[in-house]
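Numbering (our numbering), first residue to last: 1 to 310.
Don't take each hint at face value.
What the hints assert, rightly or not - The calculated lysine to any residue pairs, modelled on SDA-like cross-linking and capped at a C-alpha distance of 25 Å, are: (1) Lys257 <-> Met166; (2) Lys41 <-> Ala133; (3) Lys17 <-> Tyr307; (4) Lys26 <-> Thr9; (5) Lys188 <-> Ser290; (6) Lys257 <-> Ile293; (7) Lys41 <-> His139; (8) Lys111 <-> Val124; (9) Lys182 <-> Val64; (10) Lys257 <-> Asp306; (11) Lys51 <-> Val2; (12) Lys28 <-> Gly162; (13) Lys182 <-> Pro241; (14) Lys28 <-> Pro160; (15) Lys17 <-> Asp197; (16) Lys257 <-> Gln179; (17) Lys182 <-> Pro265; (18) Lys17 <-> Glu50; (19) Lys257 <-> Glu243; (20) Lys51 <-> Thr92; (21) Lys51 <-> Val83; (22) Lys51 <-> Arg95; (23) Lys188 <-> Ala273; (24) Lys188 <-> Gln240; (25) Lys111 <-> Glu243; (26) Lys111 <-> Ala133; (27) Lys188 <-> Tyr66; (28) Lys28 <-> Val2; (29) Lys188 <-> Val244.
Think of the hints as simulated: they come from the structure by calculation, not from any bench.
These figures come from a predicted structure and were not determined experimentally.
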Amino acid sequence: MVVGVDNLTPYYDPRLKQARLDQLAKDKNFRFVRLDLADRKAVPALFAAEKFPFVIHLAAQAGVRYSLTDPHAYVDANLQGFVNVLEGCRHTGCRHLIFASSSSVYGANTKLPFSTRDNVDHPVSLYGASKKANELMAHSYSHLFNLPSTGLRFFTVYGPWGRPDMAMWLFTAAILADQPIKLFNHGKMRRDFTYVDDVVESIVRLIDRPPSGDPNWSGDRPDPARSAAPWRVYNIGNNQPVEVVDVVAHIERILGKKARREMLPMQPGDVPATYADVDDLMRDVGFRPSTPIAEGIQRFVSWYRDYHHV
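Using the sequences and the hints given, assemble the complete structure.
And the structure:
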């Protein structure tokens, strides 16, 4: 039995969240619990009742730009909520915690591709800082309580049922409505777009592979990707960055309609490029995300048209 937990906040249209739930509810092996993970009474009660052997923690207050206007939402969801999950895992015998980190932890880094062995101490958004904090918090629990934990640094995940505040949705909706699309950094942004099915495959392959402490890890020359504690981080990215203007071109081709472009400067908290080194993932589980961007966009647009009856 899989237990799904969400508080269904109105950060974006809750009707989309409910529509996702309606799909999941068709599976008799799924059960939904509406719960705020920042609730310090309800979360321990849930963990005590369920005693989850595995926890896949993907909940968070997402979005780089939103952190500029509502920073407290990130403290509540990404810090308080995460420590509640850690405490739940600690006290109920969880055998493996997999949690979502983000490519945003690389912050001001410019050496590409981004490697999990790079220092990530210079975040450029509160969102990125909160995800770096999650990695550190998980490591402390792995060290203190022998809790196996794996952090996944996701790189611009997209696909059917995705978020309305992400580029694929925004561009598709605007083009269909003959509205201008906003291209920050004058359209020169490069992102390692990662199709959702590849993310799921990565998680599935890692569930039964809880990390063990590396006996060769040295505090004299600390490897940021691993530890003497049962803790690891991986990049989950397509290993092939794409210019945002090329994404727009793919959507235009599929829709048969040109976009109206509004060129804008770089936004606070953004970075010009992301690019994932996924060699560790390939070595450890024999898989690397590889869905071609044209194929992934085609699938998304087909879903979008069906969902909106366009």
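Lys257 and Met166: Cα distance at most 25 Å? holds (20 Å)
Has the given pair, Lys188 with Ala273, been kept, meaning a C-alpha gap of at most 25 Å? Holds. Lys188 to Ala273 sits at ~9 Å (cutoff 25 Å).
Does Tyr307 sit within 25 Å of Lys17, going by the straight-line distance between their CA atoms? holds (13 Å)
Taken at face value, is the distance from the CA of Pro265 to the CA of Lys182 at most 25 Å? Given that 25 Å is the threshold and the Cα spacing comes to 10 Å, the pair holds.
Straight-line alpha-carbon gap Lys111 to Val124, limit 25 Å: Within the cut-off at roughly 15 Å; holds.
With the threshold set at 25 Å, check whether the alpha-carbon distance from Lys28 to Pro160 stays at or below it. holds (22 Å)
Sort out whether His139 lies within 25 Å of Lys41, counting only the CA atoms. Given that 25 Å is the threshold and the Cα spacing comes to 24 Å, the pair holds.
Below or equal to 25 Å on CA atoms is what counts here, so check Lys182 against Pro241. Satisfied, since the Cα-Cα distance of roughly 19 Å is no more than 25 Å.
Verify the proposed pairing of Lys188 with Ser290, using a straight-line Cα cut of 25 Å. Cα-Cα ~23 Å, so holds.
Checking one constraint from the list: CA of Lys188 to CA of Tyr66, max 25 Å. Satisfied? holds (22 Å)
Within a Cα-Cα threshold of 25 Å, do Lys17 and Glu50 meet the stated pairing? holds (24 Å)
Keeping to a limit of 25 Å between CA atoms, is the pair of Lys182 and Val64 held or broken? holds (16 Å)
The structure agrees with every numbered hint stated previously.
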